[in-house]
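> If you want the building blocks of each chain, they are given just below.
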Amino acid sequence: MLSNYEVLAHIQEVKQRYRNQVADQGPAAAMKPGNLETVMKEVIDYLSTTAAIAQTPEATTKLVEDLAKSPLQFEKIEVLMILNHLPKNETELDVLIEELESRLSEEQITKVLDTILSATRPKADHDTLEG
Amino acid sequence: MFILTRLSDLVTIQPTSFTVTTRQALEDQINARYANKVIHKVGLVICLYDILKSSDGLIGSGTGDVNINVEFRLIVFRPFKGEVITGRIANSTPNGIHVRFDFFDEVFLPKDYLFEGSVFDHNEQVWVWRTEDGDELFFDKNESVRFRVEEEEFIDNTPVDPALRDSLADADMKPPYKIIGSCYQSGLGVVSWW
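Residue numbers (UniProt numbering), protein chains in the order written: chain L, 1 to 131; chain G, 1 to 194.
The reader is advised that the hints may include incorrect statements.
Heads up, simulated DSS-like pairs for lysine-lysine below, C-alpha to C-alpha not over 25 Å straight-line [what the hints assert, rightly or not]:
#1 76/L to 53/G
#2 88/L to 81/G
#3 141/G to 76/L
#4 178/G to 141/G
#5 41/L to 37/G
#6 15/L to 53/G
#7 37/G to 53/G
#8 32/L to 53/G
#9 15/L to 178/G
#10 81/G to 76/L
#11 41/L to 111/G
#12 141/G to 32/L
Keep in mind that the hints were calculated from the coordinates and are not lab data. These numbers were taken from a predicted model, which means no experiment stands behind them.
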């Protein structure tokens, strides 16, 4: 299983490698299969509209560790979906986690949402700085 | 939504590719063969992830091609059942809603899997969800929509001997990989609603 962010990072790395090659040896040496170009562009287009675009390796690792630390015992796929969606309110979280209300209390839900929010915040600060 | 799949395959490098490094040549060959294609019962391949093992190159007699056995991993688009994904509404019909991603078009939300109280508006050609409070919420075209994966369907498009084909209709290519999704739980549906 890969998270959206890992896929995005991998494709960007591949693209960068091709770009370096163009710079080193000229475009003719760096020809790549057409179908690869198409799918890489489309996947980047899609992932740019998701939460993955704002994630960093550090923030992602921290979020996974924080979720693992909490006594709530999330399944692996639930953590993966939280990573991919970064739910902002209870309704959004409820969709991702089965039987949310019977497993977690109100406070625990708020705490989980806070954890997710704190993992996404660095990027938001960054935006305001740039803007 | 994405998984890694391990495959092994015999890759042939032609003499015209001898100018590039072997690794690069292998990657190009594997990507050319698999990228953006559906493997039956595996999913839609995005691209090569890494190469795990490769044998010595063997040159066959007659041609100058180098044959190498390679073991590698691919990034594959294969959402699991129950996963929640966000896509865009491509179009709506009385039967349901077609959803697409930038790289994958075959997602369908049948009308039975939509919210209770959803009706199709023939004038506007959109689905409308009439909530219990009397609000009307529209599944507009191009809106981002969140849905749950319910079923997946693989269709084997292996070519059939023309003499054995029953009719012309069989010759039509069906999408090799299709996802059926649902949208009847609060939190699902158009993203901006929640």
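> State for each hint whether it applies.
Hints, one by one, checked against the model:
no. : hint           : verdict
1   : 76/L to 53/G   : violated (29 Å)
2   : 88/L to 81/G   : holds (23 Å)
3   : 141/G to 76/L  : violated (34 Å)
4   : 178/G to 141/G : holds (20 Å)
5   : 41/L to 37/G   : holds (15 Å)
6   : 15/L to 53/G   : holds (23 Å)
7   : 37/G to 53/G   : holds (23 Å)
8   : 32/L to 53/G   : holds (22 Å)
9   : 15/L to 178/G  : violated (29 Å)
10  : 81/G to 76/L   : holds (14 Å)
11  : 41/L to 111/G  : violated (32 Å)
12  : 141/G to 32/L  : violated (34 Å)
Figure legend: structure checked against the earlier numbered hints; hints not met, in rising order: 1, 3, 9, 11 and 12.
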